[in-house]
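Asks: This is what each chain is made of:
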Amino acid sequence: MDIFLQQLINGLTLGSIYALVALGYTMVYGILGLINFAHGEVVMIGALSSLTFVRLLENSGLPGTLVLLIGLLLAALVCMTLGFAIERVAYRPLRSAPRLAPLITAIGVSIVLQQLAMLIWGRGYHSVPALLPAGRHEFLGASFTNVQVVIVVVAALTMVGLTLLVNRTRLGRAMRATAENPAIAGLMGVDADRIISLTFVIGSALAALAGVLVSANYGIAHYHMGFILGLKAFTAAVLGGIGNLAGAMVGGVLLGVIEALGAGYIGDLTGGVLGSHYQDVFAFFVLIVVLVFRPSGLMGEKVAERA
Amino acid sequence: MAASLLDVLNLEVHYGGIAAVKGVSLAIEPGEMVCLIGANGAGKTTTLKALARMLPAQGEIHYRGERIDALPSHALIGRGLALVPEGRGVFSRLTIAENLAMGAYHRRDGEIAADLDRIHGLLPRLRERTSQLAGTLSGGEQQMLAIGRALMGRPKLLLLDEPSMGLAPLMVQKVFEVIRAVAAQGVTILLVEQNARLALEVCQRGYVMESGRITLADSSKALAADARVRAAYLGA
Ligand SMILES: Nc1ncnc2c1ncn2[C@@H]1O[C@H](COP(=O)(O)OP(=O)(O)OP(=O)(O)O)[C@@H](O)[C@H]1O
Ligand SMILES: [Mg+2]
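One line per chain: the protein sequences are A and B, in this order.
Using this note's numbering, read the first sequence as starting at 45 and increasing by one per residue.
Using this note's numbering, read the second sequence as starting at -8 and increasing by one per residue.
Bear in mind the hints are in silico, worked out from the structure with no lab data behind them.
One or more of the hints may lead you astray.
As the list claims (entries may be wrong) - Here are the in silico distance ranges between beta carbons for each label pair: (1) L144(A) - A216(B): 35 to 43 Å; (2) T121(B) - I148(A): 38 to 46 Å; (3) G126(B) - H268(A): 37 to 45 Å; (4) R136(A) - G78(B): 23 to 31 Å; (5) D100(B) - R212(A): 54 to 62 Å; (6) G126(B) - A200(A): 26 to 34 Å.
Unchecked claim - From the structure, some residues in chain A lie toward chain B, with a derived Cβ separation under 10 Å: (7) I164; (8) R167; (9) A218; (10) E224; (11) V234.
We treat Cβ as the ideally placed atom computed from N, Cα and C, and that holds for glycine.
Turn these sequences into a full structure, and let the hints guide you.
Replies: What follows is the structure, given as structure tokens:
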């Protein structure tokens, strides 16, 4: 088995999920200059609520793929509502407060959401039913599953869609104008509050999708799954240059690949002292290196002072 | 009295505890071109921002028979009130075409393309560079773009804040030619300028502002002949 190719494939899968979550961080940062640390928890709510809907529909006789799709759509609605509410309740009242205030609120919102999820779904790990037709494919000595193909393809299509939305539509233009100067965009008739709400709603829909994909990938979901995932996606956003959409996509995929390759080779590199369960170390090592050598990220502009 | 296009009564604006505009009243009739002149820090920009609802203010603002002083800023362009802000305020990371499209953001009619053509005719430099990022334009070109963008919104009243700021004399002439052409098309204009000579030359009427108050209001001819104006603003 080719370990390099295998880990590249695994990294690409993981990285596409990081990218989807990173987009949520970067879109909100781009428009508000705010790091929505609660975003990772929205991913978790997406995963767990879709699981609930899937369980309800499991014995309905509908085909698995359709059940998954319905679960995803309903979870997206839950997350979009949640994202909308988070902005309204936690961030909007602090729009003109010092920068530290919304940051602390964000941490508070994270804790509230995690505790809420624990009350609803319990402390245990939930196994996520495999709803896609099972299948494993061999490729040059490496292998990948149907689930992995679906993750990469769906994430890629979603990112193309988002890029078109932001760069080619009237709404996207208004989003970019508002991100650059909300007061001037207001003179053109843009209701900045509406654009900000929409940004949270779109980011949350992406979070729901990421939650469903990541739980399908690992086959498990739990109430604290959003924390590390959120932190890594945030790292990916910083790596790409926070505020920059393409940066979040590139940063996400890159981080996933670095992490997977790191996990694949860490045993060899350390003479067996460290095992693959140290893979999380790589994400944060990357974060530190980026912050030291290129605080604005690979594709970004000015970040250090605002973050 | 027939209602003016814009009627401002006792406008007051504070920054924190400090009053920047202290009870300004002014009126503008349809089709007029009026200037507001004054020294640095007199409160001209603050007045325009308050009129565009970008700052909280006290007092009454009547525009086309409606009180607009409680409306949000983004509700004004749909009513025909546009501001070209001090420092131009183009979206530097958007292209010229996108900036102009933003000017028509609130519009749903079918004449946007025709207006774009008309504005390109008025500002040919913009047509040559539609896909260039606005941030890469020269100051004069950015000013043209800011005016073109405001025109894309089909304003009835155009508030212009120091369009000559930081421009070479030749460019100032060009910008003012454009402003004259816009006025000739029937757009009412309130022009804020530090270049009082130029402002009084193109406008029929003017207000003089000093530390937050209107101290003089008269025809441009009378103002240009006024000893105080000559001493303070015309260097004579
Ligand atoms: N954001 C602000 N916060 C506090 N004070 C301000 C602010 N903006 C303006 N001021 C003050 O309000 C007063 C009026 O400023 P304003 O910008 O309206 O003057 P101006 O007439 O436009 O001057 P200029 O010709 O230099 O543009 C000044 O004393 C200025 O220092
Ligand atoms: Mg000014």
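Asks: Against this structure, judge whether each hint is valid.
Replies: So, going through the hints one by one against the coordinates:
1. L144(A) - A216(B): 35 to 43 Å: 57 Å, violated
2. T121(B) - I148(A): 38 to 46 Å: 45 Å, holds
3. G126(B) - H268(A): 37 to 45 Å: 43 Å, holds
4. R136(A) - G78(B): 23 to 31 Å: 28 Å, holds
5. D100(B) - R212(A): 54 to 62 Å: About 21 Å separates the Cβ atoms of D100(B) and R212(A), which means 54 to 62 Å is violated.
6. G126(B) - A200(A): 26 to 34 Å: At 31 Å between Cβs, range holds.
7. I164: 38 Å, violated
8. R167: 46 Å, violated
9. A218: 6 Å, holds
10. E224: 5 Å, holds
11. V234: 6 Å, holds
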